Amino acid sequence: MSQVFDRIRRFTTRYVDRPILALPLPVGIHRSLFALQAKLMTTEVEVAVRWQDVGGVPTRIVSPPRPKGRLLWLHGGGFVLGSPDTHAGLTDHLALASGLEVWTPRYRRAPEHPWPAAPDDVRSVAQAMPRPFHLGGDSAGGNLALVLLAQALTDGRAPLSVTLISPVVDLRERQDDSRTDAEMLLPRAFLHRCRAAYLRDADGRDRRQSPVLAEFPGCPPVHLELSAREVLEPDGMAIAERLEAAGATVHLHVEPKTPHDYPLCAGRSSAADMAILRMAKHLEAHQP
Amino acid sequence: MVLEFKDEGIYCPSGDFYIDPWRPVERALITHGHADHARWGHRYYLATEAAGPVMRHRLGDIALDGIAFGEKRQIGDAIVTFHPAGHVPGSAQIRVEHRGEVWVVSGDYKTVADRLSEPFEPVRCHAFITECTFGLPVFDWEDDAILSAQLNTWWQTCRDNGQHAAIGAYSLGKAQRVMTMVDPSIGPILTHGAVENTNEVLRAQGVPLPASVRVTRDTDVKATPGALIIAPPSALAGSWLRKFGSVSTGIASGWMRLRGVRRRRAAERGFVISDHADWRGLNDAIRETGAERVFATHGYTATFKDWLTEQGYDAAVVETEYEGDALDAADTDADAPTEAETVT
Ligand SMILES: [Zn+2]
Ligand SMILES: [Zn+2]
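So the protein lines, in turn, are chains A and B. Going by this note's numbering, the first sequence opens with residue 1419, and the numbers climb by one from there. Going by this note's numbering, the second sequence opens with residue 94, and the numbers climb by one from there.
Some hints could be false.
[To be verified] A few chain A residues that don't get close to chain B, going by computed Cβ distances all over 10 Å: (1) Arg1436; (2) Leu1443; (3) Glu1464; (4) Arg1484; (5) Arg1526; (6) Pro1529; (7) Glu1530; (8) Arg1549; (9) Leu1571; (10) Val1672; (11) Ser1688; (12) Asp1691; (13) Leu1695; (14) Ala1703.
[Stated by the list, open to error] Ranges of calculated distance between the beta carbons of each label pair, as one might list FRET restraints: (15) Arg386/B x Arg1592/A: 48 to 56 Å; (16) Lys1675/A x Gly193/B: 38 to 46 Å; (17) Gly1622/A x Arg386/B: 27 to 35 Å; (18) Pro1550/A x Asp236/B: 24 to 32 Å; (19) Val1672/A x Ala409/B: 45 to 53 Å.
[To be verified] If you want the footprint, here are the derived chain B segments under chain A, 3+ residues with CB under 8 Å: (20) 230-239; (21) 348-354; (22) 395-409.
None of these hints come from the bench; they were simulated from the model. The model shown is predicted, which means the values in this text are computed figures rather than measured ones. For glycine and all other residues, C-beta sits at the position ideal for the given N, C-alpha and C.
With the rest of the complex left out, here is chain A (with noise of 0.2 Å):
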């Protein structure tokens, strides 16, 4: 069934979820579409959730049988999509397999609440959160996480551990964007209606947009899941040289024929389960 299912989303993410994505519909109706597809693309768990306000900001709380640490995930979704519940069924399914609590938060979103709000919101959460935790994200999550990884190691308070899934790392203006050949979900449009909508009137050359100009001294070690061909792969290959010359040691994992940020399809995927096992493996790897 799950190898099926891999084959039949090569074919939807690309004849389906792209000419969507890069249609200009207003926001909320992205938002709805999104909203609608994530609980199809996974197998929702049963399994203990809390909300609590994290720092002020609302928390989404999962808790498998006998948590034995704490990761703060931040999802993806441009800024603009998703959400702790669209995100669900990635955080649920890695945190059963790590046996770590999984901390979401709903962070605000562009275009409502363009930069720095996201990341001051996660900011807020990681002071208010229990230590030590694990930390990662997926996408534009990821550049958040990497964000947020920044400030801390500057500050003396590392993560355990750090998890990315296809971050977002280099916000800056391109003029020879000739990355979304081979992309199968993300058509380009979007990414710049996205990219608009986050920095409003800012040019992405501040490293709380662009993580890939920031410092990284004592990084712990990272585990990097990418898609091959993918839109944001270069992205992915930047922060883990990045990452690697601040002296961390760097997992890179490149899946082929895989879309973007295919471990949100947990459950339903080989592919993405075989995703969740290695960062499970990794978050285990470096509990104290």
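Knowing the structure of chain A, use the given hints to seat chain B with the ligands on it.
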């Protein structure tokens, strides 16, 4: 190869016998009495003494020979022993040795001990044929003490609200497991006929179970307020439950870890109670066999095989006709979770 995979089932050429075959054969060694493993129509059956009564009850007058756990039996050129699998009373893993090479067929198994089945015993082998019904990391079972507390709290709350608590549980194994987990001082336990028939067989062979009362047409439901009703899951959906009036329904199954399965079943409560190994259990069991070759049979076989390969095992998927933890397939009519949740 000590064992081969044929159309009829798992075959041992040196002993000319099959293990849990799904087509009629001359000689069948059976791991346990669940319908997808113990099928009708074989000429000779061999199973543990503890599994025998249930098999006779389900399959009728079969030519069945019993064997004790650990007892050595030479069949042709193969040496065969049965070892506890911790799945249901009498359930076994079957160890087959030929010229110093050892293969083990797990049947269905659960590594964590309960108060019902003979506890699982790891068996060293060169090749291990394992189920992986719950071969995804989301399947992570709670300790029995916590599950017991969940069941008892639910039952007590129902009782306090003047309701019956009705739980769907497979009639061989799961139903009795639930009976050993609840606190019988909360109220009476009523059972569906399919469950009580199995209870009678197990009690007769000395399995200790709390008292239970069979629900019949004459059962006066008003005389048993706040009872716990145990029935196959499919009975909860039908008209059988109607006479009990106000009822809170729950289902006990590993599949309750998946929200969609509980919703489709329209059960108010899902109790994640399984008689199969969870993800960790599967991994622990495989490691403890010391096997280099692992064959995955029913369950999330594709993902599980990939995972084992990454862990350095020589792993393969074997197509079988076992059904995994069908919620209640063999009890009444086949009504397993949809393929999205069962098999890959
Ligand atoms: Zn079974
Ligand atoms: Zn089975």
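Going down the list of hints, with the structure as the test:
no., hint, result
1, Arg1436, "24 Å, holds"
2, Leu1443, "28 Å, holds"
3, Glu1464, "5 Å, violated"
4, Arg1484, "8 Å, violated"
5, Arg1526, "28 Å, holds"
6, Pro1529, "32 Å, holds"
7, Glu1530, "30 Å, holds"
8, Arg1549, "25 Å, holds"
9, Leu1571, "30 Å, holds"
10, Val1672, "15 Å, holds"
11, Ser1688, "5 Å, violated"
12, Asp1691, "5 Å, violated"
13, Leu1695, "6 Å, violated"
14, Ala1703, "14 Å, holds"
15, Arg386/B x Arg1592/A: 48 to 56 Å, "51 Å, holds"
16, Lys1675/A x Gly193/B: 38 to 46 Å, "43 Å, holds"
17, Gly1622/A x Arg386/B: 27 to 35 Å, "53 Å, violated"
18, Pro1550/A x Asp236/B: 24 to 32 Å, "26 Å, holds"
19, Val1672/A x Ala409/B: 45 to 53 Å, "26 Å, violated"
20, 230-239, "holds (count 8)"
21, 348-354, "holds (count 5)"
22, 395-409, "holds (count 5)"
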